[in-house]
Amino acid sequence: MLGKTNITTLTEGAVVTEIEDYNWIQMQSGIYGNFAKAVYANDYLAAITADGTIAYTKDGEVWQTSTLEYEECKLNDIYWDGRRFIIVGNYSFADTTLNKNYKRGLIVTTLDFSTYEKVEIPNETDLNDNGLGYWISEYFGIYAENSKYYILGIKMTKGNVNNSVKETTYLCRFAGNLENKWGELIIHEFEVLNPLLSVDNNLNKFMVSCSGRFKNGSSTSYINGIYVVNSYEKKEIEINNSSTNLLTPVFECKNELYYMRLYSEDNYVLSKVIDSDEKMVLSRDINFGFVDGIYFNSCLIFLNNHEMMVVKKGENFADKTIDDLIEISPELTMNCITKAFGQLYIFGNQGAILKSSVETNNEEAIVVQTLSAKKALADAKQYTDEKYATLEARITALESVLQTE
Numbered sequence: 000m001l002g003k004t005n006i007t008t009l010t011e012g013a014v015v016t017e018i019e020d021y022n023w024i025q026m027q028s029g030i031y032g033n034f035a036k037a038v039y040a041n042d043y044l045a046a047i048t049a050d051g052t053i054a055y056t057k058d059g060e061v062w063q064t065s066t067l068e069y070e071e072c073k074l075n076d077i078y079w080d081g082r083r084f085i086i087v088g089n090y091s092f093a094d095t096t097l098n099k100n101y102k103r104g105l106i107v108t109t110l111d112f113s114t115y116e117k118v119e120i121p122n123e124t125d126l127n128d129n130g131l132g133y134w135i136s137e138y139f140g141i142y143a144e145n146s147k148y149y150i151l152g153i154k155m156t157k158g159n160v161n162n163s164v165k166e167t168t169y170l171c172r173f174a175g176n177l178e179n180k181w182g183e184l185i186i187h188e189f190e191v192l193n194p195l196l197s198v199d200n201n202l203n204k205f206m207v208s209c210s211g212r213f214k215n216g217s218s219t220s221y222i223n224g225i226y227v228v229n230s231y232e233k234k235e236i237e238i239n240n241s242s243t244n245l246l247t248p249v250f251e252c253k254n255e256l257y258y259m260r261l262y263s264e265d266n267y268v269l270s271k272v273i274d275s276d277e278k279m280v281l282s283r284d285i286n287f288g289f290v291d292g293i294y295f296n297s298c299l300i301f302l303n304n305h306e307m308m309v310v311k312k313g314e315n316f317a318d319k320t321i322d323d324l325i326e327i328s329p330e331l332t333m334n335c336i337t338k339a340f341g342q343l344y345i346f347g348n349q350g351a352i353l354k355s356s357v358e359t360n361n362e363e364a365i366v367v368q369t370l371s372a373k374k375a376l377a378d379a380k381q382y383t384d385e386k387y388a389t390l391e392a393r394i395t396a397l398e399s400v401l402q403t404e
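Counted from 1, the sequence shown has number 129 at position 130 by numbering that gives the first Met the number 0; the numbering is strictly sequential.
Source of the hints: derived by calculation from the structure; they are not laboratory data.
You may find that some hints are simply not true.
Unchecked claim - Here are the computed lysine-lysine pairs in the DSBU-like style, where the Cα-Cα straight-line distance is at most 35 Å:
1. LYS102 / LYS117
2. LYS73 / LYS253
3. LYS117 / LYS180
4. LYS233 / LYS311
5. LYS99 / LYS157
6. LYS99 / LYS57
7. LYS312 / LYS57
8. LYS312 / LYS386
9. LYS73 / LYS57
10. LYS278 / LYS99
11. LYS99 / LYS180
12. LYS180 / LYS157
13. LYS57 / LYS338
14. LYS180 / LYS271
15. LYS180 / LYS73
16. LYS386 / LYS319
17. LYS157 / LYS57
18. LYS253 / LYS157
19. LYS234 / LYS271
20. LYS271 / LYS319
21. LYS278 / LYS319
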């Protein structure tokens, strides 16, 4: 499958604010979706948006965008397996037999973000003519270990129970080689509504936070759970009932998995899962609001939607307070952070990208200047036209030389 590809030449703006020796430069990607995940591998820095677009670059300066042409496409994770990029999410599938749209899990692979190949798993779907059976409605995360792929997803079932139709939602860990049938491990069962999920992984396990409505007879409650899932088993870190559908963000930093949970009013607890799959509490009663992290220059860097915290080697996280948060950009909502080309890149909502800079000659933050999408496309077109004109001139000159000979 070929996606729509646009080329946008980016210009650097000005300093947003600085974190120790770093300043931040806002870059305009030419898209307006909300970034969900980013990866740097095989000389590509690529970030996916929740609405099905990929922004990528090979130098951190000139960006291209590619849009997957699936109806209501949603992307959740991107992974490099050593030979190709794998992107997972879902899309809306029109069943002409039942005259109904279903959400279907989506897996695509690509080498260069210009062409994509959809991966079909034999047992992803088994619906009969009456719409009864099962289907995988969404994939949330992926990693590979020992030549096997592990993917976290939602399996929907619809069947007759006691002469009535019952729909059930299963949170599952699927395993396979992306060619043959999935093996599956059920993590949790929900009824009525799809759960809210926050998913991340390190080298050999997922951590998932799930929150969803569960119906038992005439009563309904919300189940909030934190699980870790590896290649052979699941482990419940904690689970409780709640009156509200409250999602706990989970994230990875230096191959360790973290989550921050609100237990009651103002009772925030930041924990990480250690190697024995037990939780270790790092802080209490402080709403840091972290959504992602990265290990860079011997420092742990934790990111929330507007701020950042740096934990240097030898420092204790328990000593950190809300005053240690460093504001980056109050007007932008930031979602994920990664390192590439020796720098840090932050990806946020509405296509926002921030790049770190080691310039220190700016004393204060100043207004960021961005390149509008319209101007960016015009600049890209001008650049392309100039290249074609140069090429045509060279061809004409070569033909003239050949004719004289």
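Here is what the structure says about each hint:
{"no.": "1", "hint": "LYS102 / LYS117", "in the structure": "holds, 16 Å"}
{"no.": "2", "hint": "LYS73 / LYS253", "in the structure": "holds, 27 Å"}
{"no.": "3", "hint": "LYS117 / LYS180", "in the structure": "holds, 16 Å"}
{"no.": "4", "hint": "LYS233 / LYS311", "in the structure": "holds, 33 Å"}
{"no.": "5", "hint": "LYS99 / LYS157", "in the structure": "holds, 14 Å"}
{"no.": "6", "hint": "LYS99 / LYS57", "in the structure": "violated, 41 Å"}
{"no.": "7", "hint": "LYS312 / LYS57", "in the structure": "holds, 31 Å"}
{"no.": "8", "hint": "LYS312 / LYS386", "in the structure": "violated, 49 Å"}
{"no.": "9", "hint": "LYS73 / LYS57", "in the structure": "holds, 24 Å"}
{"no.": "10", "hint": "LYS278 / LYS99", "in the structure": "violated, 44 Å"}
{"no.": "11", "hint": "LYS99 / LYS180", "in the structure": "holds, 25 Å"}
{"no.": "12", "hint": "LYS180 / LYS157", "in the structure": "holds, 20 Å"}
{"no.": "13", "hint": "LYS57 / LYS338", "in the structure": "holds, 13 Å"}
{"no.": "14", "hint": "LYS180 / LYS271", "in the structure": "holds, 34 Å"}
{"no.": "15", "hint": "LYS180 / LYS73", "in the structure": "holds, 23 Å"}
{"no.": "16", "hint": "LYS386 / LYS319", "in the structure": "violated, 53 Å"}
{"no.": "17", "hint": "LYS157 / LYS57", "in the structure": "violated, 45 Å"}
{"no.": "18", "hint": "LYS253 / LYS157", "in the structure": "violated, 41 Å"}
{"no.": "19", "hint": "LYS234 / LYS271", "in the structure": "holds, 14 Å"}
{"no.": "20", "hint": "LYS271 / LYS319", "in the structure": "holds, 16 Å"}
{"no.": "21", "hint": "LYS278 / LYS319", "in the structure": "holds, 19 Å"}
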